[in-house]
Amino acid sequence: MKIIVIIGPTGTGKTELSIALAKKMNAEIINADATQVYKEVNIGVAKITEEQKQGIPHHMMDIVSIKDDYTVMDYQRSARKILDKLISENKNVIIVGGTGFYIKALLYDYKFAPEKEKLNYDDKTNEELKRRVDEIFPQNDIHVNNRKRLERFLSHYDVTGEIIKSTEGKNKALYDFVLIGLTAPREELYNHLNKRVEIMMCDGLCEEVKNLYHAGLTKAENFIGYKEFTKYYKGEQNIIECMEETKKNSRKYAKRQYTWFLNQFEGVNWFQVDYKHFTNTIKKVSTFLDTL
RNA sequence: GGACCUAUAGCCAAGUGGUAAGGCACGGGACUGCAACUCCCUGAUCGUUGGUUCAAAUCCGACUAGGUCCU
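Numbering (my numbering), first residue to last: 181 to 472.
By construction, these hints were calculated from the structure, which means they are not laboratory data.
In silico BS3-like cross-links for lysine-lysine, where the CA-CA straight-line distance does not exceed 27 Å:
{"no.": "1", "residue 1": "352", "residue 2": "271"}
{"no.": "2", "residue 1": "435", "residue 2": "328"}
{"no.": "3", "residue 1": "227", "residue 2": "265"}
DEER-style ranges, computed between Cβ atoms:
{"no.": "4", "residue 1": "449", "residue 2": "366", "range": "17 to 25 Å"}
{"no.": "5", "residue 1": "235", "residue 2": "366", "range": "34 to 42 Å"}
{"no.": "6", "residue 1": "368", "residue 2": "231", "range": "21 to 29 Å"}
{"no.": "7", "residue 1": "281", "residue 2": "324", "range": "20 to 28 Å"}
{"no.": "8", "residue 1": "449", "residue 2": "332", "range": "27 to 35 Å"}
{"no.": "9", "residue 1": "343", "residue 2": "457", "range": "45 to 53 Å"}
{"no.": "10", "residue 1": "433", "residue 2": "264", "range": "28 to 36 Å"}
{"no.": "11", "residue 1": "269", "residue 2": "316", "range": "43 to 51 Å"}
{"no.": "12", "residue 1": "345", "residue 2": "435", "range": "24 to 32 Å"}
{"no.": "13", "residue 1": "264", "residue 2": "472", "range": "16 to 24 Å"}
{"no.": "14", "residue 1": "249", "residue 2": "269", "range": "25 to 33 Å"}
{"no.": "15", "residue 1": "231", "residue 2": "305", "range": "48 to 56 Å"}
Just so you know, these numbers come straight off a predicted model, no measurement behind them.
From the three backbone atoms N, C-alpha and C, an ideal C-beta is built for every residue, glycine too.
Sequences are here, hints too, so could you generate the full structure?
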């Protein structure tokens, strides 16, 4: 029984690799991509299609509506339940995804205390919030401008009396797993991402965004592609601008992902992606796994 | 051939005599509750060259490049 975790920035072929390995090892796949848990988004988040799945069971995908509230804690709870079940059945598991935060919450000792409500701090300035956070927990390193984090910290404290400390359990792995990282030279990756946006357009990204926009599903406006193309339907910019901005934001996202994977994970086995002959990449990873 | 305009970081761009705003991109980083989120850090001596001045990106001349117009 093995747990393999495939990470890497968007557009490096994690999905394709996961299918190839799953078929070979007779494994089941657990999605670790924050956007792919939502039913209503498909093309823009590069979700795997039914045909591409080739019968491999996928978990934690299409499990909630974009209309619902969903957080890492929910993900952690259900994903662990599934992972534990698969382990108990002695099945091979492949965890695939680009959301470092979710992967860490799933596999490491991240603790989330239940909380019933969110408090509102709209009447306070960033400086006021920061001052309070400093009083409660002087060692915090939340920046004054990071209002979202400040509010989160205070809300959690005011509701539960607990302090969010980022260090606890951060690097304490709860499972035994192998980390496989897919990577490519920046320029090559960026070219690929640019091209991918155009392919998504051909696949009907505009239609998908249009439907979501008319359905009023605003959470999708947080996702790359959806955010930009919604501006078109609002009449704020033309299609070309939407495309360029989507490309740009994909690149920035990939860069942020690198920061996570390179600095928050230890012991990653990195593999250079061969875009032209992806089977080579699959072979390399596969051979490596056989030696374990 | 002549007249005029422009020339500041990869891009856009402020600055009109006292030693270079800002935005975007790129790069680096943080991140235990919307994470494809949120946030932080990083760059130039002002086309070249003479001159005026205590002091020039800022004034004058020449040159170069780009643009507009005229014959």
